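*Asks:* These protein sequence lines map, in sequence, to chains A and B.
Just so it is clear: in the first sequence, position 139 is 138 by numbering that gives the first Met the number 0, and no numbers are missing.
Just so it is clear: in the second sequence, position 39 is 38 by numbering that gives the first Met the number 0, and no numbers are missing.
FYI, nobody ran anything at the bench for these hints, they're computed from the structure.
Mixed in with the good hints there might be a few duds.
[Stated by the list, open to error] Dumping the calculated DSBU-like pairs for lysine-lysine here, alpha-carbon to alpha-carbon at most 30 Å:
hint, chain 1, residue 1, chain 2, residue 2
1, B, K191, A, K40
2, B, K21, A, K40
3, A, K21, B, K191
4, B, K21, A, K21
5, A, K13, B, K53
6, B, K21, A, K53
7, B, K40, A, K35
8, A, K99, B, K21
9, B, K164, A, K13
10, B, K13, A, K21
11, A, K35, B, K35
12, B, K53, A, K21
13, A, K53, B, K13
14, B, K191, B, K127
15, A, K13, B, K94
16, B, K53, A, K124
17, B, K40, A, K13
18, A, K35, B, K94
19, A, K94, B, K21
20, B, K164, B, K191
21, A, K53, B, K35
22, B, K13, A, K13
23, B, K40, A, K40
24, A, K35, A, K21
25, B, K164, A, K35
26, B, K13, A, K94
27, B, K124, A, K127
28, A, K21, B, K94
[Stated by the list, open to error] With the C-beta cut set under 8 Å, the calculated list includes, among others, these residues of chain B facing chain A:
hint, residue
29, N11
30, M15
31, P16
32, S32
33, N85
All figures in this text were calculated on a predicted structure; none of them were measured in a lab.
No residue lacks a Cβ here, since even glycine has one placed at the ideal position from N, Cα and C.
Number of protein chains: 2
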Amino acid sequence: MFNGVLDELVNNLKTMPGIGLKTAQRLALHLISIEKTTAMKIADSITDSVNSYKHCAQCNILSETDPCNFCSDSSRNSQVICVVENTQDAYLIEKLHEFKGRYFVLNELLSPLDGIGPDEINFPKLYKLINSEEVVEIILALNPSAEGESTINYLASQFEDKPIKITRLSTGLPFGGDIEYTSSLTLSNALKRRYLVSD
Amino acid sequence: MFNGVLDELVNNLKTMPGIGLKTAQRLALHLISIEKTTAMKIADSITDSVNSYKHCAQCNILSETDPCNFCSDSSRNSQVICVVENTQDAYLIEKLHEFKGRYFVLNELLSPLDGIGPDEINFPKLYKLINSEEVVEIILALNPSAEGESTINYLASQFEDKPIKITRLSTGLPFGGDIEYTSSLTLSNALKRRYLVSD
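Please put together the full structure from these sequences, using the hints given.
*Replies:* Written as structure tokens, this is what we have:
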């Protein structure tokens, strides 16, 4: 249907998450239909962002500055480290305005079959960070997926000899969820971890 | 949550159809997280496409060549003109491999309240095209929306004194649709335009 540069644009747009062939085609046609300057603004701001953002040397979060705003903010509590899979998860937690500690981005979750081991998830850097600060709690804010669970278990085991509280996000029924449509794994876990209504 | 160039990227991505704030944020974070060369490819191919595509002087379709592949293809039947709102609709019809005539892109639908009149929908150009070729049929392949209906009625009225068949796409229940979830307007029209099962 398309050819040449437009076909290439469709293929390139398709590499993005949640963008399938049809959406990519719609976006590509949109981009060549609109005012040239508007489309060029999109291209330019991709270039600008890609060139401006780098991983914070301390916590790996993607940031325009290094150290990032979180690491350089002395009002944040460096004794509590929230370990997340990626920058987006850190931003989602930050948006709650409830966490005032520091972040640490793994960038990957452990997946030995895919060759992703402790080095790939930046474990040596995390270990060094934990040792250099007087950390009292590590919150492992990782997805309760197979890879997330492996990573949680691995990280917890690495710090078990230290006087540090290792926590993870609670698991159970999501608010607004429906027991009828909940997996038996989630339901069984929710039953096991039930808590007092008065809590 | 974001600032500087990344915030600008989010705002620019948000200008695209079907891209809301959350998707724009996800895409922006994706773009700064992946290999720099992959992200730059996206930016470059937007630039390349925007610079390569222009409106065909004859039919207004967006094309790398002028005249476009449809207008320059002498094997196509120039006596049948399919009038569409935009390039995407022309491509969607072309994908059916059933239409072998020419296209004409309006770029807009009539909307007097928004200041979109006959000139804005390229009517003078269409009129000239119809007069220069021995057109036997004009297919008004426009959406059955308020603007589409106005445009269909306007265009039909402009050609009614000519010996040209003016047709429009059939209206009725969509295949796979459900009468229960169909608007009364669609249902009433489907009843009125009912046809013999043997047809």
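*Asks:* Any hints this thing doesn't respect? Which numbers, in order?
*Replies:* The structure conflicts with hints 1, 3, 9, 14, 16, 25, 27, although it agrees with all the remaining ones.
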